[in-house]
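Novice: Here are the chains, one letter per residue:
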Amino acid sequence: MSAPARKISAAVIGCKGLDVLHMMRLKVASSLLMAEYIQADVQEWNQQKVDLLVASIDDSAGQQVLREAGAKGVPVLAVTRKLLSGLPIPGVAHGASVRDIFQQLRQLLQQVDDSGERFLPRTLFRSLAEARGTPSLLHMGLVKVIIDAEQRQVTLMRDIPYENCLKAAAESGWTLSLLAPGGGVGQYMADAVSHHAFEDFCWRAAALSAEPLLPQDMRGLVQLRGWPEVTTGQLPMQWLLPMAALMIRPWRPERLALATGGSLDEIARIMAAAACTGLLDTSGNEAAATRSGNGSGKVPGFFSRIAKRFGLNFSKGLQG
Amino acid sequence: MATKLVFVGEMGAGKTTAIRSISDMEPISTEMPISDDAALQAFEDKSHTTVALDYSSIELGDGELLHVYGVPGQAYLDFMWPIVAEGAIGVIVLVSALNPRALPSTLTLLERFRALAPEACFAVGVTCQDRQPDFSFTDFRNALAGDGHRLPVMWVDARESSQVDFLVKALLSCRYAESIA
Chain X
1 MSAPARKISA
11 AVIGCKGLDV
21 LHMMRLKVAS
31 SLLMAEYIQA
41 DVQEWNQQKV
51 DLLVASIDDS
61 AGQQVLREAG
71 AKGVPVLAVT
81 RKLLSGLPIP
91 GVAHGASVRD
101 IFQQLRQLLQ
111 QVDDSGERFL
121 PRTLFRSLAE
131 ARGTPSLLHM
141 GLVKVIIDAE
151 QRQVTLMRDI
161 PYENCLKAAA
171 ESGWTLSLLA
181 PGGGVGQYMA
191 DAVSHHAFED
201 FCWRAAALSA
211 EPLLPQDMRG
221 LVQLRGWPEV
231 TTGQLPMQWL
241 LPMAALMIRP
251 WRPERLALAT
261 GGSLDEIARI
271 MAAAACTGLL
281 DTSGNEAAAT
291 RSGNGSGKVP
301 GFFSRIAKRF
311 GLNFSKGLQG
Chain Z
321 MATKLVFVGE
331 MGAGKTTAIR
341 SISDMEPIST
351 EMPISDDAAL
361 QAFEDKSHTT
371 VALDYSSIEL
381 GDGELLHVYG
391 VPGQAYLDFM
401 WPIVAEGAIG
411 VIVLVSALNP
421 RALPSTLTLL
431 ERFRALAPEA
441 CFAVGVTCQD
451 RQPDFSFTDF
461 RNALAGDGHR
471 LPVMWVDARE
481 SSQVDFLVKA
491 LLSCRYAESI
501 A
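Chains X and Z supply the protein sequences, listed in that same order. Using my numbering, the first residue of the first sequence is number 1, and each one after it goes up by one. Using my numbering, the first residue of the second sequence is number 321, and each one after it goes up by one.
A portion of the hints provided could be inaccurate.
Said to hold, decoys possible - Under 7 Å between C-beta atoms, here's a sample of chain Z residues computed to sit facing chain X:
| hint | residue |
| --- | --- |
| 1 | Leu380 |
| 2 | Gly383 |
| 3 | Leu385 |
| 4 | Leu386 |
| 5 | Leu430 |
| 6 | Phe457 |
| 7 | Arg461 |
| 8 | Arg470 |
| 9 | Val473 |
| 10 | Met474 |
| 11 | Val476 |
| 12 | Phe486 |
| 13 | Ala497 |
| 14 | Ala501 |
What the hints assert, rightly or not - Chain Z is nowhere near these chain X residues, computed Cβ spacing over 12 Å in every case:
| hint | residue |
| --- | --- |
| 15 | Asp41 |
| 16 | Ile89 |
| 17 | Glu130 |
| 18 | His139 |
| 19 | Gly141 |
| 20 | Val143 |
| 21 | Ser172 |
| 22 | Leu178 |
For the record, the hints were derived by calculation from the structure and aren't laboratory data. All C-beta atoms, glycine included, are put in the ideal place defined by N, C-alpha and C.
Looking at chain X on its own, in the form it has when it is part of the complex (with noise of 0.2 Å):
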């Protein structure tokens, strides 16, 4: 019998100060990594959120690198000349080995791993869910998008299909740079290249990965606000179902998947959806989610040949 198939986590390394010889060691290091299930992406650290930072600390700009890791609670692994015993963190001393560098990075990452959550692949979804509304500038490989939350819209900066964009937001590896709210926008507008609905963008995300855009709590009651704007016909047909119901009135999860015909998994993305766009509403009671209608799920036949006639099928839920 085979073992169960352990799942790749996904860890971002800051670095700062190194020279380019630490520099490839540590991203040979990194590499190595695979073989523990984590998959790192080596980063210049900006300030932005990392998993761990790897900085030489020797001169004063090191020392003010470790003073604003140490503010923002990013564990440090420091190359350094001096001892190594003498230091108050983790330490590589200057000069050292992939081994080394790799059995470091290896300790550490498992340390914060052991802390709480594993290393959770870089999505756009979650690489944006940290700029909480700021402008910013997302890229991926050949991907490279302008999210403005507040304006709700997408800017698309390469000439590349936008489906293409719409599968790779659920890809990890994806690196954020906040903008300056009002005129950093502006500055790129320039190599623009479309422009889309945030709601479109985030909806259609949704349904073509295969996991929810962020982790939902899936023990709450929920409703959805309003119904996006999502290009029609690009929704999935099965998620209408579900959709209409959440607009009536709040449900728990599993009993509008049980309601629904659907998954719970399938709702789990729907919600994440609702989320990404401020269109889950959470504060539903209880009272409104027992809502009477007849409940029944019992239609005329007519109405079903009806539905049957748009190619639909209620009996199970939405199958379409």
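Based on these hints, arrange chain Z on the given structure of chain X.
Specialist: What follows is chain Z alone, placed relative to chain X:
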């Protein structure tokens, strides 16, 4: 028995086009040249408008028909509304993004038709997106919700049968959702 599907909206909202795109037969319409200069300017590619009802049907098999009506949304034609609304399974309000009174017009139609057809389900289709890119869909939708109308609202190109078809699917889903809620 509910055997009707009703499209309602003001002139230029796309009722006739929407009905044509999902019907099994060419809609029966009474079209007349537009005589109002202001309307002619506003709807530059439209020389005629429906002055009474559009009617069409969709075959369900075994001779059963879903009757599809298009009803002008102008208040002076409201005497037709109760007749058409009776027995409607669903009402789709179509509104053009070019209509400067899009929101009040839609609110009025929703209120009037909800009163006339309390058993019906409702959806709103906003047309002419390509000609009015500044129309704020979210403001429009939120204003409807703020007025108590929580229902599917979506952009729809009335010329595209797949889009009108999807709007009808959303409407039918709401109808079924009411039965399980």
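Novice: Can we confirm that no CB of chain Z comes within 12 Å of the CB of Leu178/X?
Specialist: holds (24 Å)
Novice: Using the nearest Cβ pair, does Phe457/Z come within less than 7 Å of chain X?
Specialist: Where the cut-off is 7 Å and the nearest Cβ of chain X is about 5 Å from Phe457/Z, the hint holds.
Novice: Double-check Ala497/Z for me: the hint is only fine if its C-beta lies closer than 7 Å to a C-beta in chain X.
Specialist: holds (4 Å)
Novice: A closest beta-carbon separation below 7 Å is what the hint needs, so does Arg461/Z meet it against chain X?
Specialist: Result: holds, 5 Å to nearest chain X Cβ.
Novice: Does the claim that Val143/X lies off the interface hold, with its Cβ farther than 12 Å from every Cβ of chain Z?
Specialist: holds (24 Å)
Novice: Against chain X, is Leu386/Z within 7 Å by beta-carbon distance?
Specialist: Leu386/Z check passes; min Cβ-Cβ to chain X is 6 Å, inside 7 Å.
Novice: Quick one: work out the minimum CB distance from Glu130/X to chain Z and report holds if it exceeds 12 Å, violated otherwise.
Specialist: holds (24 Å)
Novice: Does the closest beta carbon of chain X sit nearer than 7 Å to the beta carbon of Val473/Z?
Specialist: holds (5 Å)
Novice: Hey, does the Leu385/Z contact hint survive, CB to chain X under 7 Å?
Specialist: Violated, about 10 Å.
Novice: Should the label of His139/X as a non-interface residue stand, given a Cβ cut-off of 12 Å to chain Z?
Specialist: Holds, since 26 Å exceeds 12 Å.
Novice: Just want to verify: Gly141/X was marked as not at the interface with chain Z; is every Cβ pair farther apart than 12 Å?
Specialist: It holds; Gly141/X is separated from chain Z by about 30 Å at its closest Cβ, greater than 12 Å.
Novice: Please verify that the nearest CB of chain Z lies beyond 12 Å from Ile89/X's CB.
Specialist: holds (48 Å)
Violated hints, in rising order: 2, 3 and 5; the structure is consistent with all others.
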